[in-house]
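K.L.:
Taken in order, these protein sequences are the chains called A and B. Sequential numbering of the first sequence, starting at 1, is according to my numbering. Sequential numbering of the second sequence, starting at 1, is according to my numbering.
Simulated from the structure, these hints should not be mistaken for laboratory data. Heads up, the beta-carbon is just placed ideally off N, CA and C, and yes, glycines get one too. One should not assume that every hint holds.
[To be verified] If you only want the chain B side, here are some residues facing chain A, beta carbon under 8 Å, derived:
#1 G27
#2 F28
#3 Q32
#4 N235
#5 R237
#6 S239
#7 G241
#8 A242
#9 N278
#10 I281
#11 D287
#12 T291
#13 G294
[Unchecked claim] Beyond 12 Å from chain A on every Cβ pair, some chain B residues (computed):
#14 C4
#15 Y117
#16 N160
#17 P164
#18 I214
#19 Q277
#20 A280
#21 F289
#22 S304
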Amino acid sequence: MTIKTILNRLALAIGIAGLAASAGASAAGKAPIRIGGLATLEGAFAVDGKDAMRGIEMAIDEFGGEINGHPIRLVKASSDASPNSAVDAARKLIEQEDVDILVGPLSGSEGLAVKDYAKKHPGKTFLNGSSAAQDTTLRDPVRNFYRFSTDGAQWMAGLGDYVYRQKGYRKVAVVSEDYSFPYTQVFGFAYEFCRNGGEISHKYWVPIGNKDYSAVITRLPEDIDAIYVMLGGSDAVNFLTQYRQYGGSKPMIGSSVTVDQTVLSSRGPFKQYLLGTASAGPIADSWDNPGWESFVKRYQETYPNGFPSPSLFAETYYVNAKAALLALRQVGGDLSEGQKQLQKTLDSLSFQTPTGHVALDENREGISNNFVTVVAKKPNGDLYNKVVAVRKDVDQTLGMKRDAFLELGKVGRNSPTCEDLRNVGK
Amino acid sequence: MRVCAGRTAAWLALAVVVAFYPLVVPGFWTYQIGAQSLLFGVIALSLNLLAGYGGMVSLAQMAIAGAAGYATAYFGVNSTDLGIALPWPLTVLTAIALGTLFGAVVGAISVRTRGIYCLMITLAIAVGFSLFARQNYSVFNGFNGFAGVRAPAVAGIDFNEPVPFYYLTLGVAAVALGWLYHFSRTPFGMALQGIRDNPRRMRTLGFDVIRLRIAAFALSGLIAAAGGVLFVWYNGRISPGAIDVQPTIDILIISVVGGMASPLGAFVGAVAFVLLQNFAIDLISPDRFNTLIGLAFLVVVLFSPEGLTGIAQRLMRGLRGAVRAERPPGDRETSTEEATARRIS
Chain A
1 MTIKTILNRL
11 ALAIGIAGLA
21 ASAGASAAGK
31 APIRIGGLAT
41 LEGAFAVDGK
51 DAMRGIEMAI
61 DEFGGEINGH
71 PIRLVKASSD
81 ASPNSAVDAA
91 RKLIEQEDVD
101 ILVGPLSGSE
111 GLAVKDYAKK
121 HPGKTFLNGS
131 SAAQDTTLRD
141 PVRNFYRFST
151 DGAQWMAGLG
161 DYVYRQKGYR
171 KVAVVSEDYS
181 FPYTQVFGFA
191 YEFCRNGGEI
201 SHKYWVPIGN
211 KDYSAVITRL
221 PEDIDAIYVM
231 LGGSDAVNFL
241 TQYRQYGGSK
251 PMIGSSVTVD
261 QTVLSSRGPF
271 KQYLLGTASA
281 GPIADSWDNP
291 GWESFVKRYQ
301 ETYPNGFPSP
311 SLFAETYYVN
321 AKAALLALRQ
331 VGGDLSEGQK
341 QLQKTLDSLS
351 FQTPTGHVAL
361 DENREGISNN
371 FVTVVAKKPN
381 GDLYNKVVAV
391 RKDVDQTLGM
401 KRDAFLELGK
411 VGRNSPTCED
421 LRNVGK
Chain B
1 MRVCAGRTAA
11 WLALAVVVAF
21 YPLVVPGFWT
31 YQIGAQSLLF
41 GVIALSLNLL
51 AGYGGMVSLA
61 QMAIAGAAGY
71 ATAYFGVNST
81 DLGIALPWPL
91 TVLTAIALGT
101 LFGAVVGAIS
111 VRTRGIYCLM
121 ITLAIAVGFS
131 LFARQNYSVF
141 NGFNGFAGVR
151 APAVAGIDFN
161 EPVPFYYLTL
171 GVAAVALGWL
181 YHFSRTPFGM
191 ALQGIRDNPR
201 RMRTLGFDVI
211 RLRIAAFALS
221 GLIAAAGGVL
231 FVWYNGRISP
241 GAIDVQPTID
251 ILIISVVGGM
261 ASPLGAFVGA
271 VAFVLLQNFA
281 IDLISPDRFN
291 TLIGLAFLVV
301 VLFSPEGLTG
311 IAQRLMRGLR
321 GAVRAERPPG
331 DRETSTEEAT
341 ARRIS
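Just need the whole structure built from these sequences, with the hints factored in.
P.N.:
See below:
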């Protein structure tokens, strides 16, 4: 360490001490508002959880770290993506750290568990992180639980229409991981694809982290137009490598998590094959929109060691935290009477996010944009997801009447079927 | 005599502390720290029985607790539209009976192995069970498992509330702990310790080593199952993630850190584990708190193979030594415990 860096650090430390002192002085006037951030800072999703926390920090920075003279304090807690650990972390934030507002959690089954916990504390306000389980808000919603982002089925909006109409696919097979989030995504895709007249001939469910896909690949039928692949990161790379080695050439349709940077930047022999692969999701790195671009720029400047572009997790946590702060500003930081004013304001809040406009339905679920992308090549040869369609204001029932949508039942391996989806609402 | 009185006083003090604990701390400390430590302690206690008295380190204890938890969910109240809701005493009895049976089966499978092989075969059972639960939808409801599991309300006392639930876990823990101390002095308990120290000699003396070991597995299954029922009531849900490799290893860590040779060690380890898991994030940067947890465990295991209770015993012995100037030679009890600790490590 050179003398210069030592001096720099010393200056920084003095600066921080000064800031803390001034914050202390302003806090003397008004009580701080405590926000709990709950994300996976351990386990398989630790990197994503870290990015999620960046999203909350960006939202708080945007408000200068205070609302109407109340300083905002962020308290972090970690789960390991299991529902039990998420509830333990939420309980610690609410009961031990005494936070007023909780933002999180990150994964689907965690969201369902934290929603149940929220029932016990109607006087606190819970905002979802990036958890995308449908039933967090669709069935048995909880009064003080809000989701300003969208669910796994909404994340597929536009994709079924696009591949049926633009790509001309009529018959596809599904290869998917075997748990609730993929069921929701397969449903979201099938919803449009089947109602257009498309057919899903086979579904293959594989465990997460599967390495050998030969059993699935050899059983894939010959007469399909494409394969819908709902496998995360390295699982997708394994599947594609083996599929190509086997000589398979049917094009792929990706879920919201399949065609990510792991797949795009891998050096396998299938770069050419990937070109044109369609997928959909709630954010798109390459969206040509000033709001999104300025968000990306701010992220890159604030976190030079972060991802090249904010992840889905940073964006959804940012949006939910920002919703809380906007509502807090409108009520002037008033948290009295069990946060009644704050929750009333949140009910009717709508605002511009980096991915467009967001509003809530009566179950406090986000109605927002969704993006359909295809894999394209940059001039330097790198692959990226190019936006080909933006579906505006996608709601949780995908445009259907709520009753009819609920009649489809809970999503599962085999429900609802293509047939159910074609007949519903007729 | 003085030692005996001192020990009684120490137990009394401990009893007073745990009995009045929920009256002086907030709900979070009663439920998430207190009750959770106690129920993890009960599950770890089942391992201490096997390891401390039987010399068999099993990694299947969390799977057994999980099986009992699943049974509690399946045969009790849940919000998953699956299973048969029995009256709660039957639910609990069924869960504990199934857990005991599971323990006996694990014993029957792994009884002829020792050391690392026992560890591996029980780990295989644990992982196999959690994968089976993940793939099976008709009974285990696959990846999602069961939610909305609730403890019963008896005579107007709702055991889902922090304080009643704390006393419930405390009661179960106290009975299990007291029984284990008693067990260690029964003929069966003595025989098991004999088998641990020298199975061949016990066989020549006419003991049926295999059957005694399986019985020990069944008994430890019973304790783990009681912990499993509390575990599912505490969380209100159970899914394959709650019984996969990580929680399986957690139980082993709790036992080792607390001290496998001492029944009380299970609870000491559980308190240390739960405290670290909850508060390590506040002591160090949120990105690195698992490093702190790992380091703490490493330090304990490195400097005291008998775990935290070993450290406490050494301190006590030091104090006693200072008072009495010298210790009578051949203090039987301590030397057995030391021998056990050495054997396990």
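K.L.:
For each hint, tell me whether it holds in the structure or not.
P.N.:
Hint check:
1. For G27(B), the suggested interface contact is upheld, since its CB lies about 6 Å from the closest CB of chain A, less than 8 Å.
2. Because the closest C-beta pair between F28(B) and chain A is about 4 Å apart, less than 8 Å, the hint holds.
3. Against a cut-off of 8 Å between C-beta atoms, the interface hint on Q32(B) holds, since the closest Cβ of chain A lies about 6 Å away.
4. A cut of 8 Å between beta carbons decides the hint on N235(B): the least distance to chain A is about 5 Å, and the hint holds.
5. This hint holds: R237(B) has a C-beta 6 Å from the nearest C-beta of chain A, less than the 8 Å allowed.
6. Interface hint status for S239(B): upheld, as the beta-carbon distance to the closest one in chain A is roughly 7 Å, under 8 Å.
7. Contact between G241(B) and chain A, as hinted, is supported at the beta carbon level, the nearest pair being about 4 Å apart and thus within 8 Å.
8. Restraint check, A242(B) versus chain A: the minimum CB separation of about 6 Å is within 8 Å; hint holds.
9. The restraint placing N278(B) at the interface with chain A holds, with a minimum CB-CB distance near 6 Å, inside the 8 Å limit.
10. At a threshold of 8 Å, the smallest CB-CB gap from I281(B) to chain A is about 6 Å, leaving the interface hint in force.
11. Hint status for D287(B) relative to chain A: holds, with the closest Cβ pair at about 6 Å, below 8 Å.
12. Restraint check, T291(B) versus chain A: the minimum CB separation of about 10 Å is more than 8 Å; hint violated.
13. Taking 8 Å as the C-beta contact cut-off toward chain A, the hint placing G294(B) at the interface is violated, the least distance being around 11 Å.
14. The beta carbon of C4(B) is kept farther than 12 Å from every beta carbon of chain A, the shortest such distance being approximately 40 Å.
15. Residue-level check passed: Y117(B) sits 26 Å from the nearest beta carbon of chain A, beyond 12 Å.
16. With a cut of 12 Å on Cβ distances, N160(B) falls inside the contact zone with chain A, its closest approach being about 10 Å.
17. With 12 Å as the threshold on Cβ separation, the claim that P164(B) sits away from chain A holds: the shortest Cβ distance comes to roughly 15 Å.
18. Distance check for I214(B) against chain A: the nearest CB is about 32 Å away, which clears 12 Å, and the non-interface claim stands.
19. The non-interface label for Q277(B) is inconsistent with chain A: the shortest C-beta to C-beta separation is roughly 8 Å, within 12 Å.
20. For A280(B), the requirement that its beta carbon stay farther than 12 Å from each beta carbon of chain A is not met, with the minimum near 10 Å.
21. Non-interface call for F289(B) relative to chain A: violated, since the shortest CB-CB distance, roughly 7 Å, does not exceed 12 Å.
22. The beta carbon of S304(B) is kept farther than 12 Å from every beta carbon of chain A, the shortest such distance being approximately 26 Å.
Consistency note: the structure conflicts with the earlier hints numbered 12, 13, 16, 19, 20, 21.
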